[in-house]
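Listed below are the residues making up each chain.
6 protein chains.
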Amino acid sequence: MMNRLRPKDASVSPRFAGIPTFMRLPIVTDPYKLDVALMGVPFDGGTTYRDGARFGPREIRVQSALIRNYNPVLKISPFEKLRIADYGDIDVNPLSIENTFQKIQQEIETIVEADALPFSIGGDHSISLPILRALTKKHGYRQLGMIHFDSHIDTWDEYFGMKLSHGTPFRRAIEEKLLNPNKIIQIGIRGQLYNATDFDFNKKHGVTMITIEDVFEHGVSFVDDKIRNLQGDKLYLSFDIDALDPAFAPGTGTPQVGGLTSFQALQLIRALQGLEFVGFDLVEVSPPYDSKGITSLLAANLIFEFLCIIAH
Amino acid sequence: MMNRLRPKDASVSPRFAGIPTFMRLPIVTDPYKLDVALMGVPFDGGTTYRDGARFGPREIRVQSALIRNYNPVLKISPFEKLRIADYGDIDVNPLSIENTFQKIQQEIETIVEADALPFSIGGDHSISLPILRALTKKHGYRQLGMIHFDSHIDTWDEYFGMKLSHGTPFRRAIEEKLLNPNKIIQIGIRGQLYNATDFDFNKKHGVTMITIEDVFEHGVSFVDDKIRNLQGDKLYLSFDIDALDPAFAPGTGTPQVGGLTSFQALQLIRALQGLEFVGFDLVEVSPPYDSKGITSLLAANLIFEFLCIIAH
Amino acid sequence: MMNRLRPKDASVSPRFAGIPTFMRLPIVTDPYKLDVALMGVPFDGGTTYRDGARFGPREIRVQSALIRNYNPVLKISPFEKLRIADYGDIDVNPLSIENTFQKIQQEIETIVEADALPFSIGGDHSISLPILRALTKKHGYRQLGMIHFDSHIDTWDEYFGMKLSHGTPFRRAIEEKLLNPNKIIQIGIRGQLYNATDFDFNKKHGVTMITIEDVFEHGVSFVDDKIRNLQGDKLYLSFDIDALDPAFAPGTGTPQVGGLTSFQALQLIRALQGLEFVGFDLVEVSPPYDSKGITSLLAANLIFEFLCIIAH
Amino acid sequence: MMNRLRPKDASVSPRFAGIPTFMRLPIVTDPYKLDVALMGVPFDGGTTYRDGARFGPREIRVQSALIRNYNPVLKISPFEKLRIADYGDIDVNPLSIENTFQKIQQEIETIVEADALPFSIGGDHSISLPILRALTKKHGYRQLGMIHFDSHIDTWDEYFGMKLSHGTPFRRAIEEKLLNPNKIIQIGIRGQLYNATDFDFNKKHGVTMITIEDVFEHGVSFVDDKIRNLQGDKLYLSFDIDALDPAFAPGTGTPQVGGLTSFQALQLIRALQGLEFVGFDLVEVSPPYDSKGITSLLAANLIFEFLCIIAH
Amino acid sequence: MMNRLRPKDASVSPRFAGIPTFMRLPIVTDPYKLDVALMGVPFDGGTTYRDGARFGPREIRVQSALIRNYNPVLKISPFEKLRIADYGDIDVNPLSIENTFQKIQQEIETIVEADALPFSIGGDHSISLPILRALTKKHGYRQLGMIHFDSHIDTWDEYFGMKLSHGTPFRRAIEEKLLNPNKIIQIGIRGQLYNATDFDFNKKHGVTMITIEDVFEHGVSFVDDKIRNLQGDKLYLSFDIDALDPAFAPGTGTPQVGGLTSFQALQLIRALQGLEFVGFDLVEVSPPYDSKGITSLLAANLIFEFLCIIAH
Amino acid sequence: MMNRLRPKDASVSPRFAGIPTFMRLPIVTDPYKLDVALMGVPFDGGTTYRDGARFGPREIRVQSALIRNYNPVLKISPFEKLRIADYGDIDVNPLSIENTFQKIQQEIETIVEADALPFSIGGDHSISLPILRALTKKHGYRQLGMIHFDSHIDTWDEYFGMKLSHGTPFRRAIEEKLLNPNKIIQIGIRGQLYNATDFDFNKKHGVTMITIEDVFEHGVSFVDDKIRNLQGDKLYLSFDIDALDPAFAPGTGTPQVGGLTSFQALQLIRALQGLEFVGFDLVEVSPPYDSKGITSLLAANLIFEFLCIIAH
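Chains as they are written, first to last, in my numbering: chain A, 32 to 343; chain B, 32 to 343; chain C, 32 to 343; chain D, 32 to 343; chain E, 32 to 343; chain F, 32 to 343.
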């Protein structure tokens, strides 16, 4: 069985050939046959500035054709250890955020019911909320911890009078007791705020923020120390591509200058080895704003690194 | 007063200079000082495929810097005859189509209350519905006629179970008695349908469809004959930029090949002289998919032609 | 069975969602379950100027998401009449034209053996030769006729001392008795030649060339008259996207100005109703040179029209 | 000698190889060895909106790699009849329009002194003035006639208080008695004017304007009739690429919608056979605004057609 | 009063809506109502290679829509402390550098007369000269110091025999006694020179050059030490966007590889706290060469950081 | 003589003017008049994913217009010390890798026979093999050492059953005894492998691999130490542009995230001073995938640095 879930052999079937699936993996829609379900969640109805993330899954599929099997740094091939496939996309409803959230939650519940790990590829950051709802339910309604890469805190209260958007998912998740704020670490935070009080919610609830200044000035080991506090917890991993600098990831909806380099991102992900994750998302890749696909290519590489972490 | 509402003089202030307003006109937010309010309606939450039309008003403003004053074909300068200005944008709610429709309707009511003519620059095609609601209310709830340029009929019933979207505004408008279907002419219709029955609603209600084949094979005079039937009626004008071929207007959400040329579009608009319009929209310009701004530039030119029709 | 081979319903599964297959059709790799096999042939090793056509199938898949079911001009839905699916790509060998030709011929033989009609989406124009070899073998080595849309004649003898390239397939095919030159009609021919004698081969063998001047000056009916001479013959259809003007189809390797409009292309294809085709190709879409996908979108629409011709 | 002035043989030296010269011709800087000097004039200091035409010669060289030798419509190979080469660029002064004009005039004088025909590739339209000064001097200060393709009349008086710009060259040329206004035909005129009086200068001086409406409605034969009036006159040919529609030629500084198609442009140029031209320019190609080089490719093709007219 | 000079509230008016002003600030053209006048100076007639910087102000306005109010690193909101607005553009003369310089000097004099601080957004680097003329006049003709971020020294003598260009402003300023060379620090200098002697002028006059090697090898603290020498002086700040590496700022006229990262630029600007600036410019953003607006977005962020420095 | 081989003076002839040669150098096709022959090798028939590198030489010529004469870091002007010119391109055969390799080998032999140093600008990485064949022959069939910048090892055995491709040149070169594997240092290696065994060949033969982790974590001095082991050997230098991160060099066929910055690349090249190189290539620049020419510009700068190393 597992033998069949391998990327197409690029020395036989050229990388430019074939129907584009994530990493040229087979399509498997039965979650019981999977350890990890790579799945698109093409919803961008939660964006407040530039949209287009609905095309994230499609373009990441295309650019992921370059991914090979073996990680020589972590010395692992995730496809050897785990049954990983392209699970397809969730059929979101671009006209209704509420209906979309129902569909996402339902699909994630189906996946986790089968004991597969859901890896959701967005779409905008609003999708994390229904995913967390499903995951928490699966895990006995116990609050999860979270590693969250982002330039933004995403714990704002509302936009345009609405509670659901790509700037609010983790406030909702904390309010709904899906996440334990003391077990949340946000990495890469930077950029202007609306007000001096924007961090108050995070501070009040004990969310750990590692700013970009922390990363550049204190290095990966500083982050590593913080991360170790989550050892033993069940964790969610949410990666907003705008954690990277726009030079490395221009294709996103609310880019913020002064961000991570691609090498730093790889280092930080590799530092997550040994933690226990119950779900992943990589969000906010907006292909219409990308430059020659470099953002989607980077996203595909980051997803591969996460798969290596899972396989470890 | 009127003297002040003129585009900046491009032989004194270069076209590339200054804050970009529609056609380099002054900003006027008091509708009582206006005959025509050029206004952005940057909502794209009704799109079913590619979004991005929320940036239509911004980019059409930018590209409209090339528009000059006088139309040598129609022999008119609209800015001499009418008080026209940049009225700004309606602050839509990207997270709620219902709330957005309320805001649009309210603002259009304000404008028509002041006896100014609203010229709405989208945004996606869903915005026509709240505009029509406001206009009809103003005109004593009498059904309006409509000239509708588009590749699509936009009288489908629903998408994803939802009644409001960019593919359904005119079905809703007919159902709500905002439009008189016998007084609707759709021009440029083409492309595949979902089903053979897609035209049934139109046919049943007596909507006139002029296909692209009609235009290319029978010419402008054929269209002109049809249009003459609307003489004397109060009309709405709705122009979806995808009426044009993607070679001329690539920057749109659901492009359809085999469409109008820019010259045909100009001819068809000029053929509208003598009709009585109570409102206009130009929709579905999606700048992220544009090529070097040619779609927005074309849109700006079409808007200018419409202003000449109004001024006539 | 047939019910399952339908494009995904876009009012349930959004067009931007899911793994991109041709026209959102199912993937079927058993030719016995198909009437028409839509298949990518991503080879561009025969190009003499700009390459990149190896990405043609991938990008046409992506852009074909906009295709709907029913053709209101021809009044037909090909998916109702025929079992059509995405057959995947042929695994060409980018390092060897000879090996690639073997693979193509072999795969086409497999398809025609199952009585399915092969519709090959290139890739460069060199691929037509091995396809014709396979088709002729299937049809008892009887020479086929051909309708060939192109700006170039593609009957040159050699480039760089080589006999196989995208400029020579039909000379080889005539020499190998795969095509009956008296039954070949080339449409859209234009552009400079290398020498005044370039047409000599065509003239000597009785190939009919309809130049772009013929099309623009004498119209579709002129072409129609010529085409009628092929009634009753078994025909191959080869469509080089550079038959279109670069304004409509910039994404191609050897673009030639002064070409067909998209509307003319649709008209000319629709004029083919009633002819009998045993195979199709659409070639020379080179996505790296495309502008916002308009060439691939056009290609997808032309493929749909051809499917309607087949279904008729 | 003449044998050496041929484009590189593309069946030996691939089109993508080698230092890019106009049409892959040899570089010849001695005008006495030439019949036609293809020369870049990369000045854009006369533009009033978008600049970038300084890169016109460079990019037209690049795209002209696709041009072949023989024109099958006019049945001529200009390279067989005439000694044509890449003469290089005039070293303009981007910081001074006056100094640039001196340099241009001087270089053109050198060329015409050698009895070579100068074909200037801009650059913006301001360059026509110093060229005309040089040509008129050569031709005994006799006023020249002119065929002028453009969307704009370019006989405005001044911009920003300056007499020299890309909008004024032909007013200056008429005032300086370089051009005989009764022998000027402008083709493709369209778009808004600054004022209703903008055409007054043209009308007063007897300049013939053929609007785009004339071309579309009355066809090439209408233009042809007008052109015949210039038979026997010494003429200058000035071609502003914005005569074409932006769909065909987006890469230009002041694009105007509703313009010529590429096929119309070819037809109109071919209609010039039999007239006597003493100089040519093709101007206003602005590569930063081009889309995938289609404007420069078109320009290269138009230049080839002009060379055929000269060779005739 | 000050309350009104705030960026539009993005939780009420979406960032994509409205007429694009700098940072969505109000338009104020009376300098007496301002502490800082953000103003476009769209002149690129001083460029020697790629032009297009005339569109810098327009595009920076567009991209600045993402800027929020509060700087969490410097712990300040400039809009709370200072009256800052979009002052519009100076109507430069693209056809005359001399006339443009007069207009710039005059407008800056008007602003400084009102005790507002001029923040000029170019445009090319030549504009610094007339700004310095106006500033020096205001400050009693006392020479100013300067912090100058750039990859180039911009103290060359002349180009094409001309004294005014984007490569010469600071040589002129030193010659005219506008700047005190001993109080000039240039940061980010790198790239090839014309000759080994290019630095001689700087060395002779005591200009401090901090090369990119200094920055990368010795860090921000090294720069900080140098900067402290300017404590107490009246300073001008000139920021050429090409100080950044082309990966971060591709949209500029004379890009130089091996430059600053965006994070370094932010750090270096933040190190300027405590110095006294009397004027600012940010120049050489050339949107036609930008990639998806990242250069203009970066420029907007740098401008925001400078505003924080001013507000401190 | 040497005086004539200087880049055109950019203060007289603007950088945007003239026929684009490498660094605006003269064209010299007689190798006996040269110390270094800058030459294009526009072959991309060895690529396994994205092609387009055939346009590398053309675009690097275009972007190299910005290169100036003097390197202020290395304090040298290569054009003063060496006779360097644009030697033109090798006329490769895009339809045959074998024929291309013959042509390359032959031309390189001609150059080295004249004691000129060949600097080959690709094209894809397969071209290194015939170059090495020619160089080794010249140097008495003695094996060369090599410094190899790349993200990939390029010592794979075969693709699609073929021995010649851009992933195999150095395995072939080691097998053919052209290179001494103990004298090979690869810098920048990173990214996934096909299998855990991919490095086995390198390890078995004693190739030194410096991974990107080595560079980022241990710095240039670490690399420098390794390089010193090659002091005194005759070396080849092969630079694959994908050694750089896609943010700095997007325009390449198989980009790999997490790569060198431009500043690191400059530092690493400058560390090569004192080594003895007998040939150079810079490969895998693929302009269709570049963003605004930044990859080609970077390549031109790297070539300049290498020229400085040679001149030292």
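In short, the hints are calculated from the structure, not lab data.
Among the clues, some could well be false.
Any copy, or any two copies together, can satisfy a pair, since identical chains are not distinguished.
As the list claims (entries may be wrong) - With a cut-off of at most 25 Å between alpha-carbon atoms, the simulated DSS-like pairs for lysine-lysine come out as follows:
#1 K106 to K39
#2 K194 to K134
#3 K235 to K194
#4 K39 to K169
#5 K64 to K214
#6 K64 to K39
#7 K134 to K64
#8 K39 to K194
#9 K265 to K64
#10 K106 to K235
Evaluated hints:
1. K106 to K39: Within one copy only: 21 Å inside, 41 Å across.
2. K194 to K134: both (18 Å within a copy, 19 Å between copies)
3. K235 to K194: The answer is within: 20 Å in one copy meets 25 Å, while 42 Å across copies does not.
4. K39 to K169: So K39 and K169 fail the 25 Å test inside a copy (33 Å) and across (31 Å) alike.
5. K64 to K214: For K64 and K214, neither the intra-copy (31 Å) nor the inter-copy (49 Å) Cα distance is at most 25 Å.
6. K64 to K39: both (18 Å within a copy, 24 Å between copies)
7. K134 to K64: Answer is within; shortest intra-copy Cα gap is 21 Å, inter-copy 33 Å.
8. K39 to K194: The answer is between: 20 Å across copies meets 25 Å, while 43 Å in one copy does not.
9. K265 to K64: within (23 Å within a copy, 47 Å between copies)
10. K106 to K235: Classified as between: cross-chain Cα gap 19 Å, same-chain 41 Å, threshold 25 Å.
The structure does not agree with the numbered hints 4, 5 stated previously, though it agrees with the rest.
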